[in-house]
Each structure stands twice: as C-alpha cells, then as structure tokens.
Amino acid sequence: MTTTTETYRPPPLPSLFATTTPPPTLLTQGAEAHLYKTVFLDASTPAALKIRPSKPYRHPILDRRLTRQRVLHEARCLVKLIREGVNVPAVLAMDWEGQNGESGQGGSWILMEWIDGAPVRVALERWEAWLAKNKGLAEQNTPQYQEGTTRVRDLLRRVGQTVGALHKAGVIHGDLTTSNLMLRPWKADAEVALEAGECPSVDGDIVLIDFGLAGQSASDEDRAVDLYVLERAFGSTHPRTEPLFPEVLQGYRESYKGAAGALKKLEEVRMRGRKRSMLG
Amino acid sequence: MIAIGLESSANKVGVGIILHPDNGDTPQVLANVRHTYVAPPGEGFLPKDTARHHRYWVVKLVKKALQEARVSVKDVDCICYTKGPGMGAPLQSAAITARMLSLLWSKELVGVNHCVGHIEMGRAVTGALNPVVLYVSGGNTQVIAYSSQRYRIFGETLDMAVGNCLDRFARTLRISNDPAPGYNIEQLAKKGKRLVDLPYTVKGMDISMSGILAAIDSLAVSYGLDREAKEGEGDDVPTLDAEGNPNPTRADLCFSLQETVYSMLVEITERAMAHVGSKQVLIVGGVGCNERLQEMMGIMARDRGGSVFATDERYCIDNGIMIAQAGLLAYKAGFRTPLSESTCTQRFRTDDVFVGWRD
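In order, the protein sequence lines correspond to chains A and B. Be aware that the first sequence starts at 1, since it is given in full-length UniProt numbering, and climbs by one per residue. Be aware that the second sequence starts at 1, since it is given in full-length UniProt numbering, and climbs by one per residue.
Derived by calculation from the structure, the hints in this document are not laboratory data. Heads up, a few of these hints could be off.
[Unchecked claim] Calculated lysine to aspartate or glutamate pairs in the EDC-like style (CA-CA distance at most 20 Å, straight line): (1) B/LYS193 to B/GLU295; (2) B/LYS279 to B/GLU259; (3) B/LYS193 to A/ASP63; (4) B/LYS203 to A/ASP222; (5) B/LYS63 to B/ASP75; (6) B/LYS203 to A/ASP116; (7) A/LYS265 to A/GLU198; (8) A/LYS168 to A/ASP222; (9) B/LYS191 to B/ASP159; (10) B/LYS332 to B/GLU313; (11) A/LYS264 to A/ASP205; (12) A/LYS135 to A/ASP175; (13) A/LYS265 to A/ASP205; (14) B/LYS203 to B/ASP159; (15) B/LYS203 to A/ASP220; (16) B/LYS203 to A/GLU221; (17) B/LYS279 to B/ASP178; (18) B/LYS74 to B/GLU43; (19) B/LYS230 to B/ASP159; (20) A/LYS80 to A/ASP222; (21) B/LYS203 to A/GLU128; (22) B/LYS203 to A/ASP63; (23) A/LYS80 to A/ASP175; (24) B/LYS203 to A/GLU231.
Note that this is a predicted model, so its numbers are computed, not measured.
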C-alpha cells in the first residue's frame, strides 16, 4: 500500500509571462492544460493563455513528442478555422517546444484572443432555472413561455450551424460540450429581466473554444462521433433542454452540403455507443 | 458477519473468508488462499485446461481456507461467488462449487461482479473513500468513478485489455509465465534504456491497444527477438545493425511498451479526475501491482494535489477475499442470488450493478 500526499503548487509560468503586470490569473486546471487570463501587448487587451505543462510522469522523449504534436494540432486547427471564417479565438502567439520544457518547467503554450462571453452551458442553465421557477407559465403555455422556447430553439439552431461550419472547414472538435461553446456577447442585464418574470435572453454569436482534442478530418464517421458527443453532453447536463436537441441537428443539416451523410452516420453511432460488453 | 468468497474468472482460483465485526469495526481477512494455473512459455492459458485446474484445486482451497480462518461452517453467513465477467469454463468452477456448498450447508448465495469485487476490496484495504478507480488486469481496462449508486465507466479500452497486451507480447518474446508474464516484463523493463517509437492511442477518454501490440510485435520480429533468449545471451546486450548502431534489446522493447501504455492509462485517469473533481486514485487489478505504473500515477496525483492508493499482490491479483468483501456488502444491503439464478456470465458490465450499500 502506498500513499503520497504533498501540497500542490501550480507549475511556474513560461519566462515570457513571468513579468507580466498584472500577473496572469489561473482560471482552470484541466487534465491537459492550465488556462490563464492575461493581456496582450497593452494592458487593455485581454487574452487567454493556455499552458500545457510537461508531464513529469511520462518519459521525456514521449512527453516532448506528445505535447508538441498536440499544441501544434490545436494551433493549426484554429488558424485554419479563422481563415475559413468560423467563429473561434484567433491565435496570437505560441511556443511549441516549451522554452523551459526540458528542465521540467514551463511547457508549451498558446496565447489566444479573449472571448468575452459566457458558455452556452450557463445560458441554458439560466433558461432551465427560469423554467423551474415559472412552472405555471409553461403549463399554461403563455406568450412568455412561447417566446422563451422560441429563443432557445433559435440558440440551438445557431449551435448546429456553427458546428456545421466547423465540419465544413474539415475540422473535428473532439470534445463538443456546452462548456466549449461560448455565447458572445453575454448580457448580464438579463439577470434583471429574469426577476421581472421575463424569459432570459440568449442572443449572441456562438464561438467554439478549446481545440485541445481537435483534429483535421472530413469523414462522416468522425463528424458523427463529434455530434454524438454533443448529444450526450446535452443529455447529462441539460435534461430539460434535451427534447429540443433536434433543433441543433436541424441547424447542422442546413449548414453545409455534406451534413446529410454525417447525420445518417449519427444514427449508426447512436446504436453502437460505447456499450460493448467487456470480456474478462 | 462472515462470508466466504469463491473466485475463478481467469487463471487463478481463490477462496477468501472475511469477517465484518458487528460493532462496525474494519473488516478482517480471516483467510485468503489461491492457486494459479501457469501455462508454458509462449502459450496463453486455455479455458479447458484452466477449468480442469480449478476443479482440481477448489475443494482443497475451501478446506484450507476454513482451517486457516478457524471458523466452522455454521459461522458462515453467506457464500459469494464470481458471477462474471470472465472466461466461461473457469467461471463455472466457482459457480458450481458455490451452488454445491449452498445446498450442502443450507446457506444463501450472492453472485458478485468481479470488477466491483476489485473496487470494494481496494477501498477496504486502502481506506480510500471516493476515488477514481483504474482497473487494469488481463481481461479488463476501465476508468471508473462512483455516482448515484453505480460504478460508472468513464473510459475503457476499445479492444484488448492492457494486461492481455503485455501477456501476448511476453508470448512473442517467449518469456516465462511464472509467476506472471507481466511481472517478468516488468523485471526486464528495469534493464531497458532506449525508448522506441510506438503508436500512442488515446481517443477521448478511451484507449486502444491492438495497434500498439502489432507495432511492437513486428519490431521484435524485425530485430530477431521473437524466440527464446539463447543461453549466455543477455537481455540488454544489443545486436548491431549494418552501420554498427545498436539495435533495441528485449529489455528496451519491454521498457518502451510499459512507458507508452502506462502513460496512456495515467492520462485517461487524470482526465477522469479533472472531470469529476476527485483527488484520489485507486489502482486495482493484476497490472496494478506494477511498480512503474504506481510510480507514474503517484507523480500525476501529486501534481494535482491528490494521492494514489494501491494494494499489493494479495489483493491486486484476482483473489477470493474481494468476492467475499463485495458479496457481504451486498448481502447486508439485502441482496440475494436465488439458486435458480445462480448462473455465471462472460459479459457483465461494472455499471450494471446496483450499488445499494453506498450513499
């Protein structure tokens, strides 16, 4: 039996950002990367800094190969999508070798445009909270309820269109969840409207973020798996909105020519899932 | 309360007796005995031969366990056995024995999911409360987290189990299966230095092993290592290629295979930890004995501010006591397996089990 516990400290920032004022603030520690908010060129331009620290548990050669490969994949996908006019954060700067990578510090990083918005997850949670609070409106099918549903349907359609644009450009996201879809701009004043019994606003553009697992592919199979991941994410995080999920697929269907093939494949993928019984 | 557990899902047959003190103290292992069927080098264990081995040993082991535990039959509350998953013929040995004992002693039966057995024993031995579980063995590779009365599978292998991949590579190199092919690969890997390039196949939360095995097998063939090591030939002395550069040795290949495959396991485990916000990892299953895997997991957990729990070979490798532990927990929660349903099955997913004994 072995147990190791030591106090945790985040890895040091790449030397380039060590002297930034104000210092970058850590937003989240994912499995693969640390996300910081910082500034670009001048103090008034916010930017997102995504650092992939080297993984000391891996063999150094393997670690360098993987980190380099993944950060380059991510950047190439983003650059390609910007060129194709898909809503994603622009790449401002990057270092794929990780300046101090070999000394076990730093790691590779990408500096990206700051997306000033909120995740679609938050927007849908607000809608579902409003639904829960105003049960009566839904039961009586009041104009407010209808208005709200129309807005959410429209939001889901825009989600479908954005994913369609992504696939049309030949990129697969690999981790489509409502946390990785941003709504820009985010209207905080909707909070006020919520109090007044109005349904919450879900206006804005959809921006895709976090391409850490992305890759380039144009096969129906990969596209269908991408959609399936999104569908499952809806099911587990937004059970009340899930019945409206077909709107996403409708938006997707209308967004590009090859969509029908991917949607047909999706039916197969649904049947397959990952539910193979294990042998042991 | 006292339960007896019978396990025979793969090449080990084991019997364990556990005591849960009535005052709620920690469970006590009264007996944990096991016998392993070892196949000759270059071969895997065949179901028919393995089952014959188990049938030969199981009664002896039950007697030995009762003797060691110093309990008589009337002290036993229930008989637990592995219902699945596993290999069909070997599984039947324990199922038949359990049924026989149940009729002979007039005790109730509890059919146990093998994977849940590993998890519950790991939790009991290490004291980890709500860990992300990496279950790695010859037949299973799963990353599991508990949520609302189920052990949910977050990631798993899409084709073969990690242990199976290691075992089959051991067969290619004609490494001995005694005490276990994976153990012998681990010892060889300690002498390896050079990392050869292998596919790295993490797909989201899942992994795939078949391409890695094919790649390393073909490397072994191309360096002429797919045979028994010759007398006097070191495992880590390289042959030279046409230009006088050293070729990878048997030790290097084992080293590279371990480094690559374990990195993949640690990566998906870390992803599950980040997803559910847990800081504890528990490693169970035969491959969980591997010290390099434990070391890598330890470094990952440390960097996340967490800790790793692992057990030694008594509990990592298939055993009867874990079946008794999980079975007794289910028994106390009111679960019974009637004689008419006391079957066994090769396919039995971890998340099919209703975990009535946890909140």
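Exercise for review: Check each numbered hint from earlier against the structure, then list the numbers of those it violates in ascending order.
Suggested key: Per hint list: 2, 6, 7, 9, 10, 11, 12, 13, 17, 18, 19 and 21 violated.
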